[in-house]
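As given, the protein sequences belong to chains A and B, one line each in that order. Counting in the working numbering, the final residue of the first sequence is number 468, and the numbers go up one at a time with none missing. Counting in the working numbering, the final residue of the second sequence is number 468, and the numbers go up one at a time with none missing.
If you're looking for bench data, these hints aren't it; they were derived computationally from the structure. Note that beta-carbon positions come from the ideal geometry of N, C-alpha and C, so glycine has one too. Any given hint could turn out to be false.
Stated by the list, open to error - Pair by pair, the computed Cβ-Cβ distance ranges are:
#, chain 1, residue 1, chain 2, residue 2, range
1, B, Ala294, A, Ala299, 41 to 47 angstroms
2, B, Ala294, A, Arg196, 52 to 58 angstroms
3, B, Ser118, A, Gly370, 19 to 25 angstroms
4, A, Ser118, B, Lys223, 52 to 58 angstroms
5, B, Glu189, A, Gln68, 36 to 42 angstroms
6, B, Gly347, A, Trp104, 34 to 40 angstroms
7, B, Ala345, A, His418, 38 to 44 angstroms
8, A, Gln68, B, Gly229, 30 to 36 angstroms
9, A, Ala299, B, Pro73, 56 to 62 angstroms
10, B, Ala294, A, Pro181, 21 to 27 angstroms
What the hints assert, rightly or not - In silico SDA-like links for lysine to any residue, alpha-carbon gap of 20 angstroms or less:
#, chain 1, residue 1, chain 2, residue 2
11, A, Lys114, B, Leu70
12, A, Lys114, B, Leu357
13, A, Lys114, B, Leu76
2 protein chains.
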Amino acid sequence: MTQPLNPPARLLMGPGPINVDPRVLRAMATPLVGQFDPWMTDAMTDTMKLYRSVFHTDNEQTFLVDGTSRAGIEAALVSLLEPGDRVLVPVFGRFGGLLQEIASRCGAAVHLIETPWGTVFEPEAIETAIRVVRPKVVAIVHGDTSTTMCQPLAEVGKICRREGVLLYVDATASLGGNEFAVDDWCVDVATAGLQKCLGGPSGSAPITMSEAAVSVVQARRHVEAGIRASTDAATGTRIGSNYLDLAQIIDYWGPRRLNHHTEAATMLYAARECARILLAEGLDHAVARHRLHGEAMLAGLRGLGLTPYGDPRHRMNNVIGALIPSGIDGETVRAAMLDDFGIEIGTSFGPLHGVIWRIGVMGHNARRDAVLTTLAALEQVLRGCGAPVAGGSGVGAALEVYS
Amino acid sequence: MTQPLNPPARLLMGPGPINVDPRVLRAMATPLVGQFDPWMTDAMTDTMKLYRSVFHTDNEQTFLVDGTSRAGIEAALVSLLEPGDRVLVPVFGRFGGLLQEIASRCGAAVHLIETPWGTVFEPEAIETAIRVVRPKVVAIVHGDTSTTMCQPLAEVGKICRREGVLLYVDATASLGGNEFAVDDWCVDVATAGLQKCLGGPSGSAPITMSEAAVSVVQARRHVEAGIRASTDAATGTRIGSNYLDLAQIIDYWGPRRLNHHTEAATMLYAARECARILLAEGLDHAVARHRLHGEAMLAGLRGLGLTPYGDPRHRMNNVIGALIPSGIDGETVRAAMLDDFGIEIGTSFGPLHGVIWRIGVMGHNARRDAVLTTLAALEQVLRGCGAPVAGGSGVGAALEVYS
Chain A
66 MTQPLNPPAR LLMGPGPINV DPRVLRAMAT PLVGQFDPWM TDAMTDTMKL
116 YRSVFHTDNE QTFLVDGTSR AGIEAALVSL LEPGDRVLVP VFGRFGGLLQ
166 EIASRCGAAV HLIETPWGTV FEPEAIETAI RVVRPKVVAI VHGDTSTTMC
216 QPLAEVGKIC RREGVLLYVD ATASLGGNEF AVDDWCVDVA TAGLQKCLGG
266 PSGSAPITMS EAAVSVVQAR RHVEAGIRAS TDAATGTRIG SNYLDLAQII
316 DYWGPRRLNH HTEAATMLYA ARECARILLA EGLDHAVARH RLHGEAMLAG
366 LRGLGLTPYG DPRHRMNNVI GALIPSGIDG ETVRAAMLDD FGIEIGTSFG
416 PLHGVIWRIG VMGHNARRDA VLTTLAALEQ VLRGCGAPVA GGSGVGAALE
466 VYS
Chain B
66 MTQPLNPPAR LLMGPGPINV DPRVLRAMAT PLVGQFDPWM TDAMTDTMKL
116 YRSVFHTDNE QTFLVDGTSR AGIEAALVSL LEPGDRVLVP VFGRFGGLLQ
166 EIASRCGAAV HLIETPWGTV FEPEAIETAI RVVRPKVVAI VHGDTSTTMC
216 QPLAEVGKIC RREGVLLYVD ATASLGGNEF AVDDWCVDVA TAGLQKCLGG
266 PSGSAPITMS EAAVSVVQAR RHVEAGIRAS TDAATGTRIG SNYLDLAQII
316 DYWGPRRLNH HTEAATMLYA ARECARILLA EGLDHAVARH RLHGEAMLAG
366 LRGLGLTPYG DPRHRMNNVI GALIPSGIDG ETVRAAMLDD FGIEIGTSFG
416 PLHGVIWRIG VMGHNARRDA VLTTLAALEQ VLRGCGAPVA GGSGVGAALE
466 VYS
C-alpha cells in the first residue's frame, strides 16, 4: 500500500526550485470553482493585473501558460517564429542554448552569437549581429543560472526597437530578484516561472506580450474547429502547436473566454499568491532583499576561502557561483550537505559540471537565517573534506555584510 | 491591496473540473524537495508504478506530462506523428475534433471518419477505414464529454494491432470512472488528466506508452544540446516540440534523469495522491461507484421529466447528458443552479450548445449526497422556470436506484 507523501526536511539553496513560501503552499490547497465561474474568471483577470506589476508593464496581454517555465519559452518562440524566420540568439550559458534548441524546432533559421561562459554581451556585439543577420526576433536569457550571469538588457531593448526587431527574454531565473522592466527596456515578450525568486513551485509560466508581439501572433490566428465562429477567419501561417498557441490562449484569457485548455486552477492559485506576496512586499524591496542576501552569501563563500565564478559586475543577485577548490570533490560536498544538514546546493551543466557549485538565495529563502545556516554547514563539510577553513570564517564574513 | 483567495462554496457537477478530493488538496501543500533529490526521484518512480495500475498496463514508460490533459494529447501526437504521416481520427464529438486539430498542426495527413453526435463507431467502420487509409496511427477519444458517449475500444485495439497500426486513446474524461485496460485492449498510447474521475485539479497529464510506441518515439530521439553525451547520436526526424518531446521526457523520468523541464512537483504530488486514493479504493470499485451514481443521476433526471441524450448503450458512467426541455432556457437554469444553490452543471459545445445539459458525477463527487442534492436543487429551479415537476420526483427516482 502506497503511503501518504512524507518528504524529508530540506533547505533548498540550489539554483531552484527552492522552498515554496508556506503561504503559497496553503493557497494551493484552496478548493476549485468551475473554469468559467465568474469568480474564477475574475481571479484570472486579477492575476493578469498582478503580473503586469511584476513585469513592470502596461501590456494588456499578460497571463499564464499552463506548464513549466520551459512551456512559456516554447509558447513564445513557436507563436512568434514561423518556419524560415531568422532569429538571433546570443548565448552566454546553457539556457541560451535551450533557446537555440527550441527556436530551431520551430523551424526558424537560428543565428548564434556566443560569449565565453562567465561573461555577458556588450550591447554593441548584439547590435552588430542584428545588422548582419536582420532577424525577426532576438531571443536572449536575462539571468542564466548555469553561469549565474545576468545580461543587462536596457540598451539591448532600445537597439531592438530601433532596428525593428522583436525582443524575447527568458526571465525565469531573474524575475522578482533582479531589476526587470519590460516597458522601460522595450522587451516585447518575456516569460518566467514561479520556482525561483517568486517563491512558488514549478508548473506555471507567467508571460507578457507587447502590442507589436500580439500583432505578430494574431496574424497567425487559427481558432480551432469546434469552437470557431463564422467571424473567426483563419489568417497567416498556422502556429505549429495547439497547446502553446498564444493566439488561442489570448482568446481563452480574454473577454470571449474561448475554450482552450482547462485552466490548471491550483497553479493559477499559486501564481496569484506568489505575485500577491511579492507586490505586498514591494518589488523594489524584494530586489534589494535578494541583492543583500546574495552579497552576504558571496562574502561568506569568500570567507570560506572559495573563489567566486564569473564577471563580478554581472552577477545575478540570487544565484552565486563558486569554484570548487582543487582537491575537493564537488559531489562529495553536495552529498554531505544534503545527508548531514538537509541542505541542497547545486553544481552546473556542461563545462561547469563539477567545476562550480551554484548556491541560490532566492524567493522565500532569500533570508538571513538561510544564508547563515548554509554557510555554517558548508564550513563543517569543507573541513571534513580536508579544506583548511578557519572556524566562523564564512558566517563571520556574511555577518559583516549584514551589520 | 489584493486579498488572499476566498472562493465561493461550489458543488461542481459539470463535465469537469470537479471538486478536488480534500486529501489531494492537502497533498499539494506538501513542501518541495530538489528535483534530483533521491526522495524526489523515488517519488517519481513510485508515481510511474501507481499509474501503471491505474492504466491497467505493464508499460515501463508510464509517467506524467507537465501540463493539462491537452498537453498530454499533443505530446503523444507530436512525438508519434512525423509531417506527412497518415493518421485516422474517428470523430464522435468535440474532442475527436481536437485530436484532428492537434494532429493536423503536427503536419500529419489527417483522415476523418465521423458518426453522428450521440452515437459511437462500430469497430467494423474503423477497420474499413484503416484498410482504405493505411494510417500509421489511429487517434480516438474514449469518453467524449461533449456528447457523453463512451467508445468501446477492446475490438478496435485488436484490429489496430492486427493491421500494424498504433492506437492512441485520449482517456482524459473516462479514466478511473469507466473500465479502461491499456494492455488488454492493445492501446499503444493513452493520456489522461486529473480533473475528471481521478478527483484532482487540471495541470498534470498521465501518459502510458507501449514498447511499439516507445520504439517509434526513440527513433526520433534528439537529445538537446547542452546535456547531450557523445553517445547520444541523433536519429530520425526531430520531434517538432521540445517541451512535449516524449523521447526527452522518457530520459528525464528514466535512470539517466537527463535534465529537461523542472518537474512541477506540486502537480506530481497531486497526481500521486489521486492514484493512491483510487488504488486504495480499488479500481473496479471506483468504476462501479461511478456507474451506480451515474445511474442514480440518470434515473433522477428522468424522474424530473428530462430526456437523456444519446445512445443509452454507450453512455459514459460519469457524465449524463439531458435534453433541455422546449420552453426552458438552459442558461437561465444553469445560472439559477449556481446563484441559488452553488451548484455548477454544464451545457455543451457546437451543435449541442444550449441543447443539452451535461451533469457530471465523478471523482470525489460520485457520491449519493452530491447526486441527491443536485436533483433536489434542479427540481426547484425547473419548477421556478415553469416546468411541471412533481415534488420529489427526481430524488425519489434516484433513491430507487440506491435501494
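Could you check the hint for me, namely that Ala294(B) and Pro181(A) are 21 to 27 angstroms apart, CB to CB? 23 angstroms, holds
Within 38 to 44 angstroms or not, the Cβ separation of Ala345(B) and His418(A)? 41 angstroms, holds
20 angstroms limit on alpha-carbon distance, applied to hinted pair Lys114(A) and Leu70(B): Holds. Lys114(A) to Leu70(B) sits at ~15 angstroms (cutoff 20 angstroms).
Between Ala299(A) and Pro73(B), is the Cβ distance one that fits in 56 to 62 angstroms? Given a distance of about 38 angstroms, which is not inside 56 to 62 angstroms, the answer is violated.
Range first: 52 to 58 angstroms. Now tell me if the beta carbons of Ser118(A) and Lys223(B) are that far apart. 57 angstroms, holds
Range hint 19 to 25 angstroms (beta carbons of Ser118(B) and Gly370(A)) holds or violated: 52 angstroms Cβ-Cβ, so the 19 to 25 angstroms window is violated.
Beta-carbon spacing of Glu189(B) to Gln68(A) - inside the hinted bounds 36 to 42 angstroms or not: 47 angstroms, violated
CA of Lys114(A) to CA of Leu357(B), is that 20 angstroms or under? Given that 20 angstroms is the threshold and the Cα spacing comes to 45 angstroms, the pair is violated.
The hint says 41 to 47 angstroms between Ala294(B) and Ala299(A); measuring C-beta to C-beta, is that right? 43 angstroms, holds
Should the hint that Gly347(B) and Trp104(A) are 34 to 40 angstroms apart at their CB atoms be regarded as holding? With Cβ atoms ~35 angstroms apart, the hint holds.
Kindly confirm whether 30 to 36 angstroms is satisfied by the beta carbon distance between Gln68(A) and Gly229(B). 43 angstroms, violated
Return holds or violated for the Cβ distance of Ala294(B) and Arg196(A) against the range 52 to 58 angstroms. 37 angstroms, violated
Taken one by one, the earlier hints fail for this structure at numbers 2, 3, 5, 8, 9, 12 and 13, listed in ascending order.
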